[in-house]
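Visitor: Chains as they are written, first to last, in this note's numbering: chain A, 23 to 356; chain B, 23 to 356.
Keep in mind the hints are simulated off the structure, nothing from the lab.
Keep in mind that the hints are not guaranteed to be accurate.
Said to hold, decoys possible - With beta-carbon atoms standing in for the labels, derived distance ranges:
hint, chain 1, residue 1, chain 2, residue 2, range
1, B, G251, A, K316, 47 to 55 Å
2, B, G251, A, E227, 49 to 57 Å
3, A, H25, B, T26, 55 to 63 Å
4, A, P228, B, S290, 35 to 43 Å
5, B, L196, A, N236, 24 to 32 Å
C-beta atoms are modelled at their ideal positions from N, C-alpha and C, and glycine is treated no differently.
Spelled out, the chains give:
Protein chains: 2
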Amino acid sequence: MAHTELVLGIDIGGTNTTLGYIDRTGRCRAETTMLTLSDQPPASFFKRLHEEAEALWKTILGDFHLAGIGIGAPNGNYYRGTIETPPNLSWTFVDVRAEMARYWQAPLAITNDANAAAFGELLFGSGKGMRDFIVITLGTGLGSGVVVNGELVHGHSGFAGEIGHTIVQHGGRLCGCGLRGCLETYASATGLLITAKELLAASEEPSLLRAVPNSEMTSKSVYRAALEGDALAHRAFDITGTILGRKLADSVAHTSPEAIFLFGGLTSAGELIFEPTRKALEENLYPVFRGTVKLLPSGIPMGQTAIIGAAAMMWKQLDRSPAGFSAAWPSTSR
Amino acid sequence: MAHTELVLGIDIGGTNTTLGYIDRTGRCRAETTMLTLSDQPPASFFKRLHEEAEALWKTILGDFHLAGIGIGAPNGNYYRGTIETPPNLSWTFVDVRAEMARYWQAPLAITNDANAAAFGELLFGSGKGMRDFIVITLGTGLGSGVVVNGELVHGHSGFAGEIGHTIVQHGGRLCGCGLRGCLETYASATGLLITAKELLAASEEPSLLRAVPNSEMTSKSVYRAALEGDALAHRAFDITGTILGRKLADSVAHTSPEAIFLFGGLTSAGELIFEPTRKALEENLYPVFRGTVKLLPSGIPMGQTAIIGAAAMMWKQLDRSPAGFSAAWPSTSR
Numbered sequence: 023m024a025h026t027e028l029v030l031g032i033d034i035g036g037t038n039t040t041l042g043y044i045d046r047t048g049r050c051r052a053e054t055t056m057l058t059l060s061d062q063p064p065a066s067f068f069k070r071l072h073e074e075a076e077a078l079w080k081t082i083l084g085d086f087h088l089a090g091i092g093i094g095a096p097n098g099n100y101y102r103g104t105i106e107t108p109p110n111l112s113w114t115f116v117d118v119r120a121e122m123a124r125y126w127q128a129p130l131a132i133t134n135d136a137n138a139a140a141f142g143e144l145l146f147g148s149g150k151g152m153r154d155f156i157v158i159t160l161g162t163g164l165g166s167g168v169v170v171n172g173e174l175v176h177g178h179s180g181f182a183g184e185i186g187h188t189i190v191q192h193g194g195r196l197c198g199c200g201l202r203g204c205l206e207t208y209a210s211a212t213g214l215l216i217t218a219k220e221l222l223a224a225s226e227e228p229s230l231l232r233a234v235p236n237s238e239m240t241s242k243s244v245y246r247a248a249l250e251g252d253a254l255a256h257r258a259f260d261i262t263g264t265i266l267g268r269k270l271a272d273s274v275a276h277t278s279p280e281a282i283f284l285f286g287g288l289t290s291a292g293e294l295i296f297e298p299t300r301k302a303l304e305e306n307l308y309p310v311f312r313g314t315v316k317l318l319p320s321g322i323p324m325g326q327t328a329i330i331g332a333a334a335m336m337w338k339q340l341d342r343s344p345a346g347f348s349a350a351w352p353s354t355s356r
Numbered sequence: 023m024a025h026t027e028l029v030l031g032i033d034i035g036g037t038n039t040t041l042g043y044i045d046r047t048g049r050c051r052a053e054t055t056m057l058t059l060s061d062q063p064p065a066s067f068f069k070r071l072h073e074e075a076e077a078l079w080k081t082i083l084g085d086f087h088l089a090g091i092g093i094g095a096p097n098g099n100y101y102r103g104t105i106e107t108p109p110n111l112s113w114t115f116v117d118v119r120a121e122m123a124r125y126w127q128a129p130l131a132i133t134n135d136a137n138a139a140a141f142g143e144l145l146f147g148s149g150k151g152m153r154d155f156i157v158i159t160l161g162t163g164l165g166s167g168v169v170v171n172g173e174l175v176h177g178h179s180g181f182a183g184e185i186g187h188t189i190v191q192h193g194g195r196l197c198g199c200g201l202r203g204c205l206e207t208y209a210s211a212t213g214l215l216i217t218a219k220e221l222l223a224a225s226e227e228p229s230l231l232r233a234v235p236n237s238e239m240t241s242k243s244v245y246r247a248a249l250e251g252d253a254l255a256h257r258a259f260d261i262t263g264t265i266l267g268r269k270l271a272d273s274v275a276h277t278s279p280e281a282i283f284l285f286g287g288l289t290s291a292g293e294l295i296f297e298p299t300r301k302a303l304e305e306n307l308y309p310v311f312r313g314t315v316k317l318l319p320s321g322i323p324m325g326q327t328a329i330i331g332a333a334a335m336m337w338k339q340l341d342r343s344p345a346g347f348s349a350a351w352p353s354t355s356r
């Protein structure tokens, strides 16, 4: 009897790392989460990762074969197989290929988390059948993945698709990347919270948020206040969506996508964020693009976006060249 | 003896239309220019175009075969073979395929002038061998063509690559497209002139430009004044280049090109425009992109950029599928 192939999808995050075995239909067969602990050296992380993956593998019943591994990580470089000066991780440079090669011989591919999400949308989500789309993740920051002609855009550097670091306001909010006024300092959960705090500081307007201690206020506080009809909280969402929609009109002028998918924590707010974003997007589109682009929620289950996406990248690679990176990474059965 | 294949490259402009026969090495064998006269119906334009092309064909000595036709035109749509609501032309909609089919049976491809220029750079210019680059034309307006993975990006709408209509300043200068604050209202020959006039209006600062009657002042006046060391004219170039460089940093964040090629009238000013553009570009790049992108002049002879580019588009199509659009456009020898 032929065995079923699985791909190991790994999402390395600032706090947690999630891993799971994903089949060819995009279904996650087993999943677990471990602490990333990037204050310890990369070598100990990859050792723990291997132990977790081995333990998880044993929980899957049936005849399976590991066909490949896909990793999404902050500043993951697709060409070099590295993580380079990642935000939110203490490591400065990790040769992921070399670290992984100590434990695995399966084909390996690496990219950043938002690009991984775009692969997921392309193979298993609402981007299936589309040739041109953009994926935007609205979490602590703003990540993005750009698909053109049915292929993810990696660009010359391997880091293409950093729409979160296009500039909204010269001399504006300081970004973690060192620039000022980056889109992600406004259009993200963090940006929403700062905008709400600025609105609170700028006037004496009554708001439910005035009862929340400053140190305890989060983007969720703003969300809850908006749900209860708080005008100031609503305005914070409007400003956030307007800034996002305007920049997305710039993105459309570049690659003219059929759809822009929004996902990540902030999109749980639904129309509170979608409505002002859609409005600003349409208003700022060059006329020939009007009515050609849809703003949609992601078609991938929320908690699994990154691991399914990382696995999808490997599935796409395996479909294209069944041997994968076979020169460097011979695909062997475990 | 085998005949030599030529492609007819056509550049439809607001005032003039240029046409030429281009060989497979990118060399123009014969070239001529006619008035566009878009106040007359499209049918009479295509009749005149055919007469000009026939007359020009007769001037080429030797055994030649027309392999295809490439057209660059404002708002030329690659997928539909149309010109739609073009700026600078009085026509509102032209079914170019249908018009051309009255006179020619050769394979035909259409795109806008800046995309045509990008095809030229890719096949015959400095973009040869590059997989990812962007071409920016700085003329009366700002056109652009985006190349990703060695292919021109047409996008879902067929109009991708309109970087001139990304927005620099909300509520800023009114653009011909109806939006306000588009990049091309600042970074173009027209934009440079407006900036110089604004600087003249804003102060009493001495300038050579004060001797030029307002109605006679052009972007060339600003250029000449800058060459003579005029501080205000220099500042107009600095402002123009800074605005352009900042937006190009946004473009890099999208597709991470290896190079950005600048061409068109304004680039004759050389370092006056390149230097501030390069500086603003580097300063506004997300750190991982620093040092990965070159700002270069085009590698195609200036006057022939558009016709060589339009022909290059067809050569690329013929190379990929020797039959061209063979279903609709059987390639026949003339």
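Visitor: Could you tell me which of the hints above the structure violates, numbers in ascending order?
Guide: Hint check: 4 and 5 fail, others pass.
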